[in-house]
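Novice: Sequence:
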Amino acid sequence: MRIMSISVIMENLLQISIEKTHVLNTKPINTLGLDLVMMPMVMVMVVVMALMIVSMVMTFMILS
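Once you know that position 10 of the sequence shown is 10 in the numbering used here, the rest is easy, because the numbers rise by one and skip nothing.
Think of the hints as simulated: they come from the structure by calculation, not from any bench. For clarity, every value in this text was computed on a predicted model and none was experimentally measured. From the three backbone atoms N, C-alpha and C, an ideal C-beta is built for every residue, glycine too. Hints are not guaranteed to be accurate.
[Said to hold, decoys possible] Now the in silico label distances, taken between C-beta atoms and shown as ranges:
#	residue 1	residue 2	range
1	S64	V42	29 to 37 Å
2	M43	S7	31 to 39 Å
3	M41	L63	26 to 34 Å
4	I62	S5	16 to 24 Å
5	I62	I16	18 to 26 Å
6	V42	S5	18 to 26 Å
7	L63	S7	17 to 25 Å
8	Q15	L63	29 to 37 Å
9	S7	I62	27 to 35 Å
10	M58	S5	17 to 25 Å
11	M10	T59	17 to 25 Å
12	V46	V8	14 to 22 Å
13	S64	M41	12 to 20 Å
Please work from the sequences and hints to get the whole structure.
Specialist: This is how it looks when you write it as structure tokens:
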């Protein structure tokens with residue numbers, strides 16, 4: 001159940017990132033400003049995902 005919800009969230013994030021890159025490609029003038037805004041968000045997302053994966057692995061290790 002939890003794994004399913006995480007995979008759905010990851011799919012949504014992928015879709016959003018694809019849409020964002022499409023917007024960046026269509027508007028080359030704004031790329032730099034949007035990149036400066038997007039990069040910290042992307043970094044935070046990556047850190048959060050890594051923490052979620054680590055916590056899941058730890059719980060599995062404890063349970064098994």
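Novice: Does each hint hold? Answer for all of them.
Specialist: Results for each hint:
no.: 1; hint: S64 to V42: 29 to 37 Å; in the structure: 33 Å, holds
no.: 2; hint: M43 to S7: 31 to 39 Å; in the structure: 22 Å, violated
no.: 3; hint: M41 to L63: 26 to 34 Å; in the structure: 33 Å, holds
no.: 4; hint: I62 to S5: 16 to 24 Å; in the structure: 20 Å, holds
no.: 5; hint: I62 to I16: 18 to 26 Å; in the structure: 33 Å, violated
no.: 6; hint: V42 to S5: 18 to 26 Å; in the structure: 21 Å, holds
no.: 7; hint: L63 to S7: 17 to 25 Å; in the structure: 20 Å, holds
no.: 8; hint: Q15 to L63: 29 to 37 Å; in the structure: 32 Å, holds
no.: 9; hint: S7 to I62: 27 to 35 Å; in the structure: 22 Å, violated
no.: 10; hint: M58 to S5: 17 to 25 Å; in the structure: 18 Å, holds
no.: 11; hint: M10 to T59: 17 to 25 Å; in the structure: 18 Å, holds
no.: 12; hint: V46 to V8: 14 to 22 Å; in the structure: 18 Å, holds
no.: 13; hint: S64 to M41: 12 to 20 Å; in the structure: 35 Å, violated
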